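*Asks:* As a plain string of letters, each chain reads:
Number of protein chains: 10
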Amino acid sequence: MLFKVRMDVRLPADMPKATADELKRTERELAQALQHSGKWRHLWRIVGQYANISIFDVDSASELHDLLTSLPLFPYMTIEVEALCRHPSSIHADER
Amino acid sequence: MLFKVRMDVRLPADMPKATADELKRTERELAQALQHSGKWRHLWRIVGQYANISIFDVDSASELHDLLTSLPLFPYMTIEVEALCRHPSSIHADER
Amino acid sequence: MLFKVRMDVRLPADMPKATADELKRTERELAQALQHSGKWRHLWRIVGQYANISIFDVDSASELHDLLTSLPLFPYMTIEVEALCRHPSSIHADER
Amino acid sequence: MLFKVRMDVRLPADMPKATADELKRTERELAQALQHSGKWRHLWRIVGQYANISIFDVDSASELHDLLTSLPLFPYMTIEVEALCRHPSSIHADER
Amino acid sequence: MLFKVRMDVRLPADMPKATADELKRTERELAQALQHSGKWRHLWRIVGQYANISIFDVDSASELHDLLTSLPLFPYMTIEVEALCRHPSSIHADER
Amino acid sequence: MLFKVRMDVRLPADMPKATADELKRTERELAQALQHSGKWRHLWRIVGQYANISIFDVDSASELHDLLTSLPLFPYMTIEVEALCRHPSSIHADER
Amino acid sequence: MLFKVRMDVRLPADMPKATADELKRTERELAQALQHSGKWRHLWRIVGQYANISIFDVDSASELHDLLTSLPLFPYMTIEVEALCRHPSSIHADER
Amino acid sequence: MLFKVRMDVRLPADMPKATADELKRTERELAQALQHSGKWRHLWRIVGQYANISIFDVDSASELHDLLTSLPLFPYMTIEVEALCRHPSSIHADER
Amino acid sequence: MLFKVRMDVRLPADMPKATADELKRTERELAQALQHSGKWRHLWRIVGQYANISIFDVDSASELHDLLTSLPLFPYMTIEVEALCRHPSSIHADER
Amino acid sequence: MLFKVRMDVRLPADMPKATADELKRTERELAQALQHSGKWRHLWRIVGQYANISIFDVDSASELHDLLTSLPLFPYMTIEVEALCRHPSSIHADER
Chain A
0 MLFKVRMDVR
10 LPADMPKATA
20 DELKRTEREL
30 AQALQHSGKW
40 RHLWRIVGQY
50 ANISIFDVDS
60 ASELHDLLTS
70 LPLFPYMTIE
80 VEALCRHPSS
90 IHADER
Chain B
0 MLFKVRMDVR
10 LPADMPKATA
20 DELKRTEREL
30 AQALQHSGKW
40 RHLWRIVGQY
50 ANISIFDVDS
60 ASELHDLLTS
70 LPLFPYMTIE
80 VEALCRHPSS
90 IHADER
Chain C
0 MLFKVRMDVR
10 LPADMPKATA
20 DELKRTEREL
30 AQALQHSGKW
40 RHLWRIVGQY
50 ANISIFDVDS
60 ASELHDLLTS
70 LPLFPYMTIE
80 VEALCRHPSS
90 IHADER
Chain D
0 MLFKVRMDVR
10 LPADMPKATA
20 DELKRTEREL
30 AQALQHSGKW
40 RHLWRIVGQY
50 ANISIFDVDS
60 ASELHDLLTS
70 LPLFPYMTIE
80 VEALCRHPSS
90 IHADER
Chain E
0 MLFKVRMDVR
10 LPADMPKATA
20 DELKRTEREL
30 AQALQHSGKW
40 RHLWRIVGQY
50 ANISIFDVDS
60 ASELHDLLTS
70 LPLFPYMTIE
80 VEALCRHPSS
90 IHADER
Chain F
0 MLFKVRMDVR
10 LPADMPKATA
20 DELKRTEREL
30 AQALQHSGKW
40 RHLWRIVGQY
50 ANISIFDVDS
60 ASELHDLLTS
70 LPLFPYMTIE
80 VEALCRHPSS
90 IHADER
Chain G
0 MLFKVRMDVR
10 LPADMPKATA
20 DELKRTEREL
30 AQALQHSGKW
40 RHLWRIVGQY
50 ANISIFDVDS
60 ASELHDLLTS
70 LPLFPYMTIE
80 VEALCRHPSS
90 IHADER
Chain H
0 MLFKVRMDVR
10 LPADMPKATA
20 DELKRTEREL
30 AQALQHSGKW
40 RHLWRIVGQY
50 ANISIFDVDS
60 ASELHDLLTS
70 LPLFPYMTIE
80 VEALCRHPSS
90 IHADER
Chain I
0 MLFKVRMDVR
10 LPADMPKATA
20 DELKRTEREL
30 AQALQHSGKW
40 RHLWRIVGQY
50 ANISIFDVDS
60 ASELHDLLTS
70 LPLFPYMTIE
80 VEALCRHPSS
90 IHADER
Chain J
0 MLFKVRMDVR
10 LPADMPKATA
20 DELKRTEREL
30 AQALQHSGKW
40 RHLWRIVGQY
50 ANISIFDVDS
60 ASELHDLLTS
70 LPLFPYMTIE
80 VEALCRHPSS
90 IHADER
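Order-wise, the sequence lines are chains A, B, C, D, E, F, G, H, I and J. When the first sequence is numbered by numbering that gives the first Met the number 0, its final residue is 95 and no position is left out of the sequence of numbers. When the second sequence is numbered by numbering that gives the first Met the number 0, its final residue is 95 and no position is left out of the sequence of numbers. When the third sequence is numbered by numbering that gives the first Met the number 0, its final residue is 95 and no position is left out of the sequence of numbers. When the fourth sequence is numbered by numbering that gives the first Met the number 0, its final residue is 95 and no position is left out of the sequence of numbers. When the fifth sequence is numbered by numbering that gives the first Met the number 0, its final residue is 95 and no position is left out of the sequence of numbers. When the sixth sequence is numbered by numbering that gives the first Met the number 0, its final residue is 95 and no position is left out of the sequence of numbers. When the seventh sequence is numbered by numbering that gives the first Met the number 0, its final residue is 95 and no position is left out of the sequence of numbers. When the eighth sequence is numbered by numbering that gives the first Met the number 0, its final residue is 95 and no position is left out of the sequence of numbers. When the ninth sequence is numbered by numbering that gives the first Met the number 0, its final residue is 95 and no position is left out of the sequence of numbers. When the tenth sequence is numbered by numbering that gives the first Met the number 0, its final residue is 95 and no position is left out of the sequence of numbers.
Hints were generated in silico from the structure; no laboratory data involved. A hint or two may mislead.
Partial list, derived from the structure: chain A residues whose beta carbon lies under 10 Å from chain C [claimed, not checked]:
1. Asp20
2. Ser61
3. Val80
4. Leu83
Predicted model, so just to flag it, every value in this text is computed and none were measured. For each residue, glycine too, the CB sits at the ideal point set by N, CA and C.
Modelling step: build the complete structure from the supplied sequences, incorporating the hints.
*Replies:* Below, the structure written as structure tokens:
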């Protein structure tokens, strides 16, 4: 099941650089692991923003919630979720 | 170059069904041709809405504009465009 | 899987009363059938509005889209969808 | 009488973890007691958000206000309230 | 139980004057009857707008919905409802 | 002359409790004195919010401004003001 | 007493030109009479918009409402009203 | 050339009172000098808000920017600017 | 003096094609004449929209208003105007 | 390829003046270098705001993202990006 997710990140201005770097490093590791697993199907940067557009492919809405809240940067994110489904004009038989 | 596009369609309440059907048929044909060409890389329906989320892969912003305005349903659409680029945590070397 | 859906209905001012009545009658029949099936789990009126708050329990986002777009009043509705999941403080073990 | 309530929680970035944990623990206890009493009829997590959608069944608007302001996390919440009533297409004779 | 209601009226530009006048006449009659009954406790015009701010005193949210939807101008109104309760600094012991 | 006023209060998270209590105490005293004088005609709590809906009856807009800015909580409030007048369907001859 | 008023005009696309011209002519006559009387103290066009910013000097909010609703273009206007008062840094002793 | 300007002031909660008083004093001095010069033609308080509505009469947009950014409170203001011009129904031959 | 202008065009769905074509033809002629004169300094299409971003270089706000309202498509446009001035980091000595 | 960018700058109230000055100095140097290179084609101040409107001429959306995120003030900016293309009524054959 596909969900489009937009994540806007805003770190506190007074967060020490080492803390921010460590957060970003662990975030990247988890994001890449989830991409390799196929759960985080697409991950794009929005031009000019500390934000991304992502497509998740999960078994349920609950699984998506668990993935998102497990992200190290979750406490600093504003997140919007939209459920997607196959478009009747898509050339693919599934939701791809 | 990737762009995320959201299209919301609103046909006039008094459009004859035959006109609407013909518009949708030619829209679908063009949408599928553009998918096969690789320009319209993804096309998903937003659940519960007469709207889609699309990813276009074009050579320039001008090309995107020409594609969008050539759609038969263009006069009945509200369109939002966001430029995307590769995310530093993506596992792909290109924008894919 | 649970989704919260808000539907706002706006019929054209010049729709003949017989047409509107027939639309509402078939809408009600389908809404009640879907409630009996367990798919449309809750249906409440928002006070002072021609609008409802509903909870759907479906197998996938696609199924929800198919249900919503099959509603006779769908062309006259503005629809908002939010995916829900179990709250950690819920006293129920499932999403109920 | 039914009210739909949406609660968004935002804890200060500099709140000590022990304070936050204690707040969440007492919040959960009260939330569960109110669910057992039937006052807090439904409690769902919104996917990807530190927020919930709830249905309260109270004797009056005043009772709802007293319940909401008694929540330990109330000072850190943004709350929206909508009054609900029975939908004419509901299969239930009461507001359920 | 008190509810604040804001009603904005927008009649179609092509409604015949006789129809509009008859709607307004029956609206006024019902509004005044409800004021005399104590259900529609306050009714004020918002300066410069075809809109009012009202305070209703009803036994339940359902009763408010029935009152509002019985208004002849209801199909032409945008309505916002807010539940009120006694303020702790009020000099009145009840919600008055 | 009547004005509807909505006041939303937001105290800084780090304000000492004694300071907040003293502010609220003097706010309540002034609010009650203004109610007894007839200037602050109605004061209701909005359900689920640290906010109120008030009706002021003043001689001029200037007087309203002076009253509002004299409130001890004024620096912590977001305030919206709407001018009201007698509604043609009101059963009262004055603005009451 | 001063009020700032913003009026946005939107005439129906199918209004006959003669009707529009007559409306504008009578609107202008009344606007000029009210300016000469001192009630409509300032009247400016917002650049690029069919809209104006006005300052009214009236005895009461009711008088303002009566003036605004007497304008021939009132049914085609969206109107916003803000109450003004003397600024403490003004070099004038009154509201001027 | 006339511009309507709205300025909303928000001082940090932890600014020492002496600093705030000094800022306001110098702000008032400059505001009054600019009023005497004719550049700051009108200055009104918005009722219930720490905000003003002003009309500036300047030779160019650049001059307006220089005036606004020279205000001592500028760093604490949210500012909206709208260009005005003579209204065709104005009784004045110039922009007055 | 520079102004940024955004124009969104929305032609009525039932406007005859010949009328629309004639409007667009005269609009283009005037737009090009104004570009040649230097008044309409830049004119760009916003990708995916029937809208443009323009930079005007005029002697006064009044002149801008006269230019905009003389456009044949003006009655079908939503227009936003922002006054610009030289940026202190610009490499040009004037507003260019 | 042209993009319109709006940047709003908001420095923390407690940033030392020397830090702010150094940030602005390096920002200006980079902004001027990018203007000289032709990448940052236009840079205007919005009147009354600590904000600019810019036109960038880049080879790709990725290049724009890299330029924007390399700005020293980037962490303190809110940025909006809109893709532009040649307008059919432009007198220039390219996007200029």
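*Asks:* Please go over all the hints and tell whether each is borne out by the structure.
*Replies:* Against the structure, the hints:
no., hint, result
1, Asp20, "violated, 30 Å"
2, Ser61, "holds, 4 Å"
3, Val80, "holds, 6 Å"
4, Leu83, "holds, 7 Å"
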